[in-house]
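K.L.:
Chains S and A supply the protein sequences, listed in that same order. When you line the first sequence up against the numbering used here, it's residues 480 to 688, in that order. When you line the second sequence up against the numbering used here, it's residues 480 to 688, in that order.
No wet-lab data here; the hints were simulated from the structure. Mixed in with the good hints there might be a few duds.
Treat identical chains as interchangeable: a pair holds within one or across any two.
When the alpha-carbon atoms are kept at most 25 angstroms apart in a straight line, the in silico DSS-like pairs for lysine-lysine are as follows [said to hold, decoys possible]:
1. Lys-499 - Lys-672
2. Lys-601 - Lys-500
3. Lys-501 - Lys-524
4. Lys-524 - Lys-511
5. Lys-499 - Lys-601
6. Lys-500 - Lys-603
7. Lys-603 - Lys-506
8. Lys-681 - Lys-601
9. Lys-638 - Lys-500
10. Lys-681 - Lys-499
11. Lys-601 - Lys-511
Number of protein chains: 2
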Amino acid sequence: MTDTPSRPDELARHSAKMAKKKAARDKIMATKSGEKGLIIVHTGKGKGKSTAAFGMIFRCIAHGFPCAVVQFIKGGMETGERNLITTRFSDLCQFHTMGEGFTWETQDKARDIEMAQAAWEKAKGLILDPRNRMVLLDEVNIALRYDYLDTAEVVAFLKDHKPAMTHVVLTGRNAPEALSEAADLVTEMELVKHPFREQGIKAQIGVEW
Amino acid sequence: MTDTPSRPDELARHSAKMAKKKAARDKIMATKSGEKGLIIVHTGKGKGKSTAAFGMIFRCIAHGFPCAVVQFIKGGMETGERNLITTRFSDLCQFHTMGEGFTWETQDKARDIEMAQAAWEKAKGLILDPRNRMVLLDEVNIALRYDYLDTAEVVAFLKDHKPAMTHVVLTGRNAPEALSEAADLVTEMELVKHPFREQGIKAQIGVEW
Chain S
480 MTDTPSRPDE
490 LARHSAKMAK
500 KKAARDKIMA
510 TKSGEKGLII
520 VHTGKGKGKS
530 TAAFGMIFRC
540 IAHGFPCAVV
550 QFIKGGMETG
560 ERNLITTRFS
570 DLCQFHTMGE
580 GFTWETQDKA
590 RDIEMAQAAW
600 EKAKGLILDP
610 RNRMVLLDEV
620 NIALRYDYLD
630 TAEVVAFLKD
640 HKPAMTHVVL
650 TGRNAPEALS
660 EAADLVTEME
670 LVKHPFREQG
680 IKAQIGVEW
Chain A
480 MTDTPSRPDE
490 LARHSAKMAK
500 KKAARDKIMA
510 TKSGEKGLII
520 VHTGKGKGKS
530 TAAFGMIFRC
540 IAHGFPCAVV
550 QFIKGGMETG
560 ERNLITTRFS
570 DLCQFHTMGE
580 GFTWETQDKA
590 RDIEMAQAAW
600 EKAKGLILDP
610 RNRMVLLDEV
620 NIALRYDYLD
630 TAEVVAFLKD
640 HKPAMTHVVL
650 TGRNAPEALS
660 EAADLVTEME
670 LVKHPFREQG
680 IKAQIGVEW
């Protein structure tokens, strides 16, 4: 329980302060009227990059918007979100798993490059289809980071060919600077504390996959 | 296209390097064997706190795990995730919207405190029910920040009464220090760039709600 006295004069002051805050916010909000398809980047070492991206995909599904996912790296692993989307929402969301796992799992660079290029070709087609309101390129930043894809080519494509109202979400650590510069919305998920590191807790069902 | 020559010797070096990396990772992974229900905090000024939390809720739903959501603040707004969960997955996920909007919208502190307390009572019941594998307390950090709920009481409850295998996710800016200390996993979503701030783009369907 909070032990704030909550006396009538204090409540009135709070109310007046909040009314002022609301007026200021409403004024700001009135200037925010634009709409556009965004280039969205989730990067950083923390948890939540792909998770939040899938959260947005589920929002699109909820609104009945066609959308698509291309997984660049995580192909080797069965995940809850993939199962849910492919079994229940395949009418709205195309799901393409083009990766075979992290690069230290495959140990075959030529093959990794081939897979990344194929995934990017698929991604371009999905982005060019204006019916898709959102296209998620999951872990694409890893492919950019290892030069399996050319960052300049990806950025140029997004700038020149992305339909105006399509959102494209790019996830993964170490997003290249040129990509962040081209993006509209960049969030860095910062790892403050992680039980994997500090408590020897493994990746758990429902939390990580 | 990447213009790396990818000569056979370079590929062999890559393969050897990745094999070494995999061996090192496998060794580390073998030590990460623990499982526990986590106290998970998403905080920071960036986007993705609630989005990633709902991403985990959808993971739980995907795996057929009972779970629950209590929304402390965002009651006033219709959201895609709420519609999707309440219309399609109400058998697995209880959804309780206990807030009436942000505190500058309601302008009534006594009422806000009452609502926050009622939401917390509901949350305690859901956490104590061991069938729930995950309970999301969405925007609870705002209620803690404004002292609508007592942080010490919330932390003590989570430490003493949370069933061992239940994950509890707490979202919102300005997570109190005592909560982060008690948590197993803390991620700070850092705002690097946001089109609301820089381009006058409003909150958009599919992206923010």
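K.L.:
Taking 25 angstroms as the upper bound on the Cα-Cα distance, should Lys-638 and Lys-500 be classified as within, between, both, or neither?
P.N.:
Classified as neither: same-chain Cα gap 37 angstroms, cross-chain 36 angstroms, threshold 25 angstroms.
K.L.:
First find the shortest C-alpha distance between Lys-601 and Lys-511 inside one copy, then the shortest across copies, and answer within, between, both or neither for a cut-off of 25 angstroms.
P.N.:
This pair counts as neither: shortest intra-copy Cα distance 34 angstroms, inter-copy 36 angstroms.
K.L.:
Under a CA distance limit of 25 angstroms, which applies to Lys-501 and Lys-524: within one copy, between copies, both, or neither?
P.N.:
Result: close only across copies, 19 angstroms inter versus 35 angstroms intra.
K.L.:
Using 25 angstroms as the alpha-carbon threshold, which applies to Lys-499 and Lys-672: within, between, both, or neither?
P.N.:
Classified as neither; 37 angstroms inside a copy, 27 angstroms across copies.
K.L.:
Within a copy, between copies, both or neither: which one fits Lys-681 and Lys-601 at a CA-CA cutoff of 25 angstroms?
P.N.:
neither (33 angstroms within a copy, 30 angstroms between copies)
K.L.:
One pair to classify: Lys-500 and Lys-603, alpha carbons no more than 25 angstroms apart. Within, between, both, or neither?
P.N.:
Intra 44 angstroms, inter 32 angstroms, cutoff 25 angstroms: neither.
K.L.:
Reference check for the pair Lys-499 and Lys-601, CA-CA at most 25 angstroms: within, between, both, or neither?
P.N.:
neither (50 angstroms within a copy, 32 angstroms between copies)
K.L.:
Between the shortest in-copy and the shortest cross-copy C-alpha distance, which are at most 25 angstroms for Lys-603 and Lys-506: within, between, both, or neither?
P.N.:
neither (39 angstroms within a copy, 38 angstroms between copies)
K.L.:
Treating 25 angstroms as the Cα threshold, decide for Lys-681 and Lys-499: within, between, both or neither.
P.N.:
The answer is between: 21 angstroms across copies meets 25 angstroms, while 48 angstroms in one copy does not.
K.L.:
Could you place Lys-601 and Lys-500 in one of the four classes (within, between, both, neither) given a Cα distance threshold of 25 angstroms?
P.N.:
neither (47 angstroms within a copy, 29 angstroms between copies)
K.L.:
Between copies, within a copy, both or neither: which fits Lys-524 and Lys-511 at Cα up to 25 angstroms?
P.N.:
Intra 31 angstroms, inter 18 angstroms, cutoff 25 angstroms: inter-copy only.
Taken one by one, the earlier hints fail for this structure at numbers 1, 2, 5, 6, 7, 8, 9 and 11, listed in ascending order.
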